[in-house]
Structure formats: C-alpha cells, structure tokens
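Chain by chain, the residues:
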Amino acid sequence: MSSVRGALHRVGIRPRLRRREMGLLLLVGLALVTGWASLESHRAGALEIGDLTLLAVYMGTIGIIHVTFVITGRRMDELLLPTAALLGGLSLLLMSRLPQGMASQSFFGTLLPLAPLQLVWLVLGFSLLGIVAVFVRNDGWLRRYKYTWAAAGIGLLLLVFIFGDGRGGQLLTLRLGPLSGQPSELLKVILVVFVAGYLAENRALLTMTSSRIGPIRVPPVPYLLPMLVMWGLALTIVVVQRDLGAALLFFLVFLALLYAATRRASYVITGLTLFAAGGYVVYQLFWHVQQRVDIWLNPAADPLGAGYQVLRAMYAFGRGGVLGTGLGAGLPQVGGAPAIPAIHTDFVFAALSEELGLLGGLAILALYGIIAQRGLRIAATASDDFRALLATGLTLVIVVQAAIIIGGNLRVIPLTGVTLPLVSYGGSSLLVNGAIVGLLLALSDRGADPPPLPSRRGSLWRRLGRRARGLGGRVEEAVS
Amino acid sequence: MDTFTIALWALRLAFVLLIYLFLLVVVRALWRDLRSGIVTAGQAIGRLVVVSAPEGQPAVGTSFDLDAVNSIGRDVNSSIVVEDTFVSAEHAMLTFRGRAWYLEDRGSTNGTWVNGQRVETYLPLGYGDEIQVGQVRLRLERPRVA
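Chains G and H are the protein sequences, given in the same order. Going left to right, the first sequence walks through residues 3 to 482 as the numbering used here numbers them. Going left to right, the second sequence walks through residues 4 to 149 as the numbering used here numbers them.
Here chain G stands alone, though its shape is the one from the complex:
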C-alpha cells in the first residue's frame, strides 16, 4: 500500500480521502436499494428485492468516479456528486417502473428498452462528469475562444433550423446518420461560456457608465447591444424552433448573469420589459404560443385533446397526496399506455410526485436547492470574474430549467417542453447535464491552475533582453 502511495507521489498525485462524499454515496445506495425493494415488492405482491443488476451497474459507475476523485486527490466539492447521484437514481427507479416500450434504441445490434437505455445514458453522463471534473484543470480554452464558441453555438442552431427533424410540432432534433441529439441542450452551455467571457471582460465598463433617458437611468447603449442580440436569439428560437422552454431558459439565465456581473437592477428591468413586449407580440402572432397559454389557463376546456396531459398531471399530484401511492402503485394505465404520453420526459416530476407524494416532490425540489447552493458557493469563492460568472451560469442552467419544467407540471406557468435535469429520459440532456456538474466540480477545485500566462516560447531571449534592460537601467542610474 505504502509503495503504491510512494509511486503516486513520485508522479505528483497525492490521494486524498473524501469521507463526506463516501458517506453520502453509501446513503444514496441504501436509499435506492430500499426504493428498488419497494417497487419490486409491489410488482410481485410479496416481499422481494428483485434483480439488482441495473442498480448495481449504476452505483458501481458512481463508485468508480468517487474512487477516481480520491486517487487524483483533487480538493473538489463533496456534496455535488452524491446529490446528482440521487437524482439519477430516482430517474433509474422511475424508468424501470414505466412501460418499457416508451423508448427504445439499438446499441450494436441489441435493442434496449427504456430502463437499460436510460442506464446507458446515465452511465455515459456520469462518466462525462468524472472525466470533465478530473481533466479540466485549465479554463483558458473556454475563456480565450469565447467568440468562437458563440459562433459554434449559432452554427449549431442554424443546422437545426435547416436539417432539423420537426416531430411533434417542435424543431428540436438533429440527425446525423445514426446519431441524433438535441443541440439546444449543448447550446445552453455554449451560451453560458460566451456570456460569462463577455461579461467578465466588459464588467468594469458595464458598471461604470450609464446614460439617461429622461428621469430613468439606462445602461450604456453600446453595451446593450449583446442584450438585444440575446433577446433576438430567444425570439428566433420561439418562432422557428417552437421551443418556448429553451428560449425562456436562455433569456432568464442571461439576465441573471447580467445582474450578477453588474448588480444593476436597471438591466433586469430593461430585460424584463423587452421580454414582456416580445412575449406579447409572439402571443398575438403565433397559435402555438396561444395554445400553450390557453391550456395553462383552462386545461379543462379540451380535456381529451390539448389539455389532456396537463389535466392528467394534476390528477397525478392529487392522487399522490402527502405520502404518495408508493413506487409502482401510481399511474393507472389507459388502454395499455401510460396516462400521460410524455411521462418519461416532460412529466417526470408529476410521476415521482404521485408515487412519492408531496414529501417526495419537496425532496426533489430540495435536491435542486442543494445544487443551487453549491454552485453559487463555488461562484462566490472563485478566484476571478470569469470563473465566478461561469459557475453562476452553469448552476442557473440546471436550476432554472428544473424550475421551468416543475412550474409547468404544477401549472404555475405555461407548460414548456424541457427536461428535468438529471432525471428525465434522454441522452443529450443527461450528457450535457453531466458535463455541467463536472465543470462545476472542476471550478470548485481549490488546487486548480490560475489562468495561463502567455506562451513561454523564446523565454531565453526575453530573459536576456530583460537582463540587458535591467543592466542598462542600473548604468543609467549610476551615471545620473
């Protein structure tokens, strides 16, 4: 053992135990096994624990990531991984409980139904989390090429506009041969990187000057331009892609970042005014927006058509009550299909709230609250503006998205189709959210590199030059 440690020390790696993370992960494992037993017992009608393979593979992956963190000895946050692991575990429980035919995809010739498929995505997503957390030690490549990132993001969006697969009225999916994905998931990360880079560079100027229109203090007009661009982008997404959720997410996260960078309420007020105006115009012009709002206001107007899902979700919340029906006991089948068609993507919160009750629903909210606290704490302790804004933006992308879809499920705001991060079924969503949590962990590393110095090439010559200049200066001083 000591020889292994010695060998690691020689290559500059000092293993460091992460006791809190380990304890919490054991608790997550215990909770998930209990949940699994509860689900299997309900199915079998007798006390039974069932086949634990899926759960074992999932917890094994998380365990490997934990051990990797320990061996590399990074001083990263210890609460984010267990929290994400619990959300992912709830997802796995729910997916193995839903009808398995809801989604299927073949990997290397074997057709995987819903639960194993979700397991594959969870394993890939968490592996990405681990890889990003361990290997991203330097944020220079994110910071320096921010306009390149922005261009890549807009290019991605254009690709969807042109080649997108418009199923179900929304233009979301991009298919490239056998691969398909939802670029708006990736786009949100790219936009956060760009906005964080832009604001970190111009923060001082944004806070310093202001112009006046009448009695109102307005932010300096040239710096409002990117805000208008973002606003235009959000509206374009609504109109062309019909993706209200993504548009709402982008704009809200952007405004929050702008406020975090400048602490100016005037930006937020200007932004919200623009948002309200844009929203009103879009509502007047496009039927799909009108339909969403109408369903929200009165889902019972068309109970078997447009309002069906929302109405069913409300029944589900009601059936769940405080303690829930128990895993496996909710969601009566309607003609062999689940009551809510998009139960595995948009309505996972309704499904979990039915089976785990108000208590379970509140616990899920608390888990996102923990992610918010950790992320903003990482931002508050970051060493410079870019890292602080990046951490804030990444955190908000997860938390605001969760708020949008949970609000939609609960009929607090109109329903917009975004995924519940780390819980909903879907490859793109899980991979991107895994990468986001990984980046947050990397940013929380207190041993991380400072931003890189300019290239060291020709340093010998520069050093000689400096010596010469130093000597010259001393001669000058001596003579004078």
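Worth flagging that the hints you see were computed from the coordinates, not collected in a lab. Every value quoted in this text rests on a predicted model; they were computed, and no experiment measured them. By construction, the Cβ of each residue, glycine as well, lies at the ideal position given by its N, Cα and C atoms. Hints may contain errors.
In silico negatives: residues of chain H with every beta carbon more than 10 angstroms from chain G [what the hints assert, rightly or not]: (1) PHE25; (2) ASP36; (3) ALA47; (4) GLN60; (5) PHE67; (6) ASP70; (7) VAL79; (8) ARG145.
Coverage of chain G stretches by chain H, computed from C-beta distances (three or more under 8 angstroms per stretch; other residues unrestricted) [as the list claims (entries may be wrong)]: (9) 19 to 30; (10) 309 to 319; (11) 365 to 373.
We have chain G already, so just place chain H on it with the hints.
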C-alpha cells in the same frame, strides 16, 4: 391488514425517510460550510498576486491583501512595496470605489499597464485582470475564503 401490506407500507416510508436523511446530512454540511465562510469586518476585500517579477522582489506567488485604498510603488511607505528598477517611488494607486476597482497612474516614469493596455489617467479593473508596473506583473483576485 395483512403483514405484506404493512411491510410494503414500511418500505415505502423507509425510502422517503432515507431521502430525507440524505437531505439532513447535506444541509448540516452546508450549514457548517456557511458558518465557516462568514466574512468578518477588517477582512481583505481583494488581493494582488505576483505573477512575474524578473528581479525576484516581491517573489512570484506572493499575495498582498488589499484595503479600499492601496498605493503601489518603491517607496517603503507604500501599502504594496514593489522593489523593481523600473518602478517609481509613488507609482500607482489601486482603489475600490462603490462597485469596482480602479487603477490610477501617479505620474510614474515608466507607466502602468492593464492587460497590455497603458493606463493614461485611471481605468476600471475586474478580478482576473493583470496589472504591470515596471517589470512586475500582478493579478487582481478575489479575497481568499476559508
């Protein structure tokens, strides 16, 4: 009620309770973390880290805690003493006013630079910006939090 129903009910509740146990442990950790991070009066509001100093004074990696007003120069009475051939006695002034840091050149012989741009009168700074006085480069960073 048969024993199976009761056992299933207990399992269900145990699952939810374990989730809440997890939350409880996490919240306790959060609480401790927040308590340890409380900023007390008299604590620094930022710091300057030496990125490069060809003449070795101050040493690379040295971190100066900043007050609201800081003078930078070769004079021993400066709050940040930079011992470099090309630094004037009273070289520059770094102040925190309201919402941002400002760097002011105090008529130095060889000038003050921020990210390679010369400071003519004064310039607002953000955390992560690099200041150059003489041959010494310093980076403005947030205060360290425990």
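Verification of the supplied hints:
Against chain G, the non-interface label of PHE25(H) is violated: not every CB pair exceeds 10 angstroms, the least being about 5 angstroms. With 10 angstroms as the threshold on Cβ separation, the claim that ASP36(H) sits away from chain G is violated: the shortest Cβ distance comes to roughly 7 angstroms. Listed as outside the interface, ALA47(H) is consistent with that label: its C-beta sits roughly 13 angstroms from the nearest C-beta of chain G, beyond the 10 angstroms cut-off. Non-interface status of GLN60(H) relative to chain G is upheld: no Cβ of that chain comes within 10 angstroms, the nearest being about 12 angstroms off.
For PHE67(H), the shortest C-beta to C-beta distance to chain G comes to about 15 angstroms, beyond the 10 angstroms cut-off, and the non-interface label holds. Once the 10 angstroms rule is applied to beta carbons, ASP70(H) is consistent with being away from chain G; the minimum gap is 19 angstroms. Non-interface status of VAL79(H) relative to chain G is upheld: no Cβ of that chain comes within 10 angstroms, the nearest being about 18 angstroms off. At the 10 angstroms boundary, the C-beta of ARG145(H) falls inside the reach of chain G, the nearest C-beta of that chain being 6 angstroms off.
Evaluation of the coverage hint for the region 19 to 30 of chain G: fulfilled, as 5 residues show C-beta separations to chain H shorter than 8 angstroms, against a requirement of three. Coverage of the region 309 to 319 of chain G by chain H is violated in this model, with 0 residues showing a Cβ closer than 8 angstroms to a Cβ of that chain against a need of three. Only residues whose beta carbon comes within less than 8 angstroms of a beta carbon in chain H count, and the region 365 to 373 of chain G has 4; three or more means the coverage holds.
Comparing the model with each numbered hint stated earlier shows that hints 1, 2, 8, 10 do not hold.
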